[in-house]
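With chain A's structure known, arrange chain B with the ligands on it following the hints.
Spelled out from the first residue to the last, the chains are:
Number of protein chains: 2
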Amino acid sequence: MKKGCPYGTHRVIEPKGVLPQPALKIDNNMEIYDNEILIDVHTLNIDSASFTQIKQEAGDNEEKIKEIMMNIVNTRGKHQNPVTGSGGMLIGNVEKIGNSLEGKTNLKVGDKIATLVSLSLTPLRIDEILQMRKNIDQVDIKGKAILFESGIYSIIPKDLPENLALSVLDVAGAPAQTAKLVQPGHKVVVIGGGGKSGMLCLYEAKKRAGITGQVICIGPKEKSIELPRKLNLADAYITADATNAVEVMEKVKEATNGEMADIVINCVNVANTEMASILAAKNDGLIYFFSMATSFTKAALGAEGVGRDNTMIIGNGYTRGHAEIALQIMRESEALRKVYEELYA
Amino acid sequence: MKKGCPYGTHRVIEPKGVLPQPALKIDNNMEIYDNEILIDVHTLNIDSASFTQIKQEAGDNEEKIKEIMMNIVNTRGKHQNPVTGSGGMLIGNVEKIGNSLEGKTNLKVGDKIATLVSLSLTPLRIDEILQMRKNIDQVDIKGKAILFESGIYSIIPKDLPENLALSVLDVAGAPAQTAKLVQPGHKVVVIGGGGKSGMLCLYEAKKRAGITGQVICIGPKEKSIELPRKLNLADAYITADATNAVEVMEKVKEATNGEMADIVINCVNVANTEMASILAAKNDGLIYFFSMATSFTKAALGAEGVGRDNTMIIGNGYTRGHAEIALQIMRESEALRKVYEELYA
Ligand SMILES: NC(=O)c1ccc[n+]([C@@H]2O[C@H](COP(=O)([O-])OP(=O)(O)OC[C@H]3O[C@@H](n4cnc5c(N)ncnc54)[C@H](OP(=O)(O)O)[C@@H]3O)[C@@H](O)[C@H]2O)c1
Ligand SMILES: NC(=O)c1ccc[n+]([C@@H]2O[C@H](COP(=O)([O-])OP(=O)(O)OC[C@H]3O[C@@H](n4cnc5c(N)ncnc54)[C@H](OP(=O)(O)O)[C@@H]3O)[C@@H](O)[C@H]2O)c1
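Read top to bottom, the protein sequences are chains A and B. If you want our numbering, it's the position in the first sequence, counting the first as 1, plus 112. If you want our numbering, it's the position in the second sequence, counting the first as 1, plus 112.
Just so you know, not all the hints are guaranteed correct.
Copies of the same chain look alike in the list, so a pair counts if it fits in one copy or across any two.
Claimed, not checked - Below, a list of computed lysine-lysine pairs in the DSS-like style, where the Cα atoms sit at most 27 angstroms apart:
no.: 1; residue 1: Lys410; residue 2: Lys308
no.: 2; residue 1: Lys256; residue 2: Lys410
no.: 3; residue 1: Lys292; residue 2: Lys394
no.: 4; residue 1: Lys256; residue 2: Lys178
no.: 5; residue 1: Lys410; residue 2: Lys292
no.: 6; residue 1: Lys178; residue 2: Lys410
no.: 7; residue 1: Lys365; residue 2: Lys128
no.: 8; residue 1: Lys394; residue 2: Lys176
no.: 9; residue 1: Lys167; residue 2: Lys410
Please keep in mind that the hints were generated in silico from the structure rather than gathered at the bench. Keep in mind the model is a prediction, meaning the values are calculated, not measured.
Chain A with its partners taken away, still in its complex shape (with noise of 0.2 angstroms):
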């Protein structure tokens, strides 16, 4: 077998020196490389903007639909959509391990996996689309993929419906870092804590702050909070729009008797809440903005424009762990798991 890269940049053809996500065309042929896994395709779970992107294309049309993904596929050697630049994860088993990985991995072949690298960096040849699930950016598929050695995975739980472990594990870098992050006794706010990821990330919070803590969800409206408030994952619920700084600061505040939040969360999906969130906290505490509508200059001169010694971390998808910690959640909870059951699975 040819020796690879960890990080699979034997496998970009254009342009050279970058790595295989940025990178316009991959080599998806698959002869695995020494430290690549082979697997075997059966669900692709499409980026939720890149299929709604191509949803449109196709004029809604199932045959469309399946020319644009073969197309994309054939093009860049990943299912990269080119107008969204996002990919989304799969669901297959392991076919075949490459020799350097033997005794490296805890893997199988045989084993039913979900990636948790985004498809826009993954090897993958489509042979045949079988089934589409338009409405859940589920697609069936016959075909192969390629896992590099840097690659992350999760084994789907047995115990777990498919759909429902694939919901979560979207967003297991949420709740893993809420666990790191709350230490008993913190005030932890929650923005957008009605959310998938946003009530992951209450559960942990309060396991985790425990009887001296306290946990608070924010949503923009009512409707937003009734499912963290019947399942009573905070302690103090507050609804305001998170794009008024001024609103959110005050209410938590109030909420806080003037103390505000050792530690915010940020699970919202809309863009201009960098503010609010650094409002919230308090002087020195710490803001994680797990939103992908973050922006970086907002949240960076946002703190200095306001003289805030806050530490704000950039959401990084992944810590180690976030797969077992988030699924652990739907075995804890039988209250939260019957809510993402009917929401996502």
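Showing chain B with the ligands alone in chain A's frame:
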């Protein structure tokens, strides 16, 4: 006098509800509110990423640069580059102090100060652009500016040349954060180590990492790292283009005997250097992005894409004591001060 909000929201024209920094347009009328300070401005120190962009757009033509700058201020009421989102800082004399600040501020009319909040949120009026020092991003003007109640500033020290103080204060957050993050024994990489913020970071890193640590300076070409080398600011020097992640990774690997960096400090002024920063760090290393050209999504998805559990910090321009820490370097190191005087004063 009219009553103002400590964060300056009373000056926001569009969109309503946001703070001055994210606002598209703020009111730069120079009649002050009761909690504002009016400054007679002498010099603007344009953020490096912003000025680089403006010079490019202007084809390096001075008249065209002036036109772009005037246009920015006329459109936004502040000097916020619409492309980079960033600002800079200014030097001027206190001209007037709002009623309600009496007894609350230690400033007096006539004091010469540098504002330490970004120009991207500072109401500014430019009456005339007098002179330009293009190579050090400084522009002398006739004009006025407003400092909000929450705005931070530094009184210009009498023992240092004014332009030197201004240059150092502009990037004060970087060495101050370096001082807080670097521990004895750490391997530290400073990307863009030959720049204004870079050399200060190298100095602090070396002081903190100590004899058991290792400080590595990276610049794009031999000339870029000539000064740090001459001043002996680092333990190792690498010429590499930080937009080429693999090249940087290989060279850092070699310099650290395969260990990689505990802390990577990104001080470049160009885009697409997130992956190099991530790959230069250990798997659980910390990356401090001071560069305003950092993309949040490229950092977040980039780390996930290679399965890295890095902590990635958004370079907050402010941290407690940052002005004092940065200016102190100029007093401690005669060699560095001489170089900064030659370059920036
Ligand atoms: N860093 C990573 O690796 C990573 C990975 C996956 C996802 N993400 C990002 O994480 C974010 C959240 O994802 P998700 O799946 O949890 O989204 P989601 O389920 O759509 O949740 C978003 C939440 O934000 C709330 N919200 C919307 N506008 C708001 C406002 N103005 N003020 C306060 N709350 C507001 C929503 O309330 P309503 O429902 O009532 O509008 C909802 O509860 C997204 O930005 C996504 O891109 C990041
Ligand atoms: N977070 C904050 O609050 C804050 C405040 C102020 C400034 N900043 C940001 O900090 C950054 C640095 O500012 P500065 O004043 O130190 O800038 P600077 O003096 O221009 O330094 C930039 C350095 O980066 C080097 N560089 C350029 N391209 C490179 C590449 N491809 N690979 C490796 N190195 C490269 C430059 O080398 P050459 O000179 O040879 O090109 C130079 O040494 C800017 O992005 C600025 O916007 C942030």
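Each hint tested on the structure:
1. Lys410 with Lys308: For Lys410 and Lys308, both the intra-copy (25 angstroms) and inter-copy (22 angstroms) Cα distances are at most 27 angstroms.
2. Lys256 with Lys410: between (38 angstroms within a copy, 24 angstroms between copies)
3. Lys292 with Lys394: both (19 angstroms within a copy, 19 angstroms between copies)
4. Lys256 with Lys178: within (17 angstroms within a copy, 57 angstroms between copies)
5. Lys410 with Lys292: both (25 angstroms within a copy, 23 angstroms between copies)
6. Lys178 with Lys410: between (33 angstroms within a copy, 25 angstroms between copies)
7. Lys365 with Lys128: So Lys365 and Lys128 pass the 27 angstroms test across copies only (20 angstroms; inside, 50 angstroms).
8. Lys394 with Lys176: Cα proximity of Lys394 and Lys176: none, with 45 angstroms in one copy and 44 angstroms across.
9. Lys167 with Lys410: both (25 angstroms within a copy, 23 angstroms between copies)
When the structure is compared with the earlier hints, a violation turns up for hint 8 alone.
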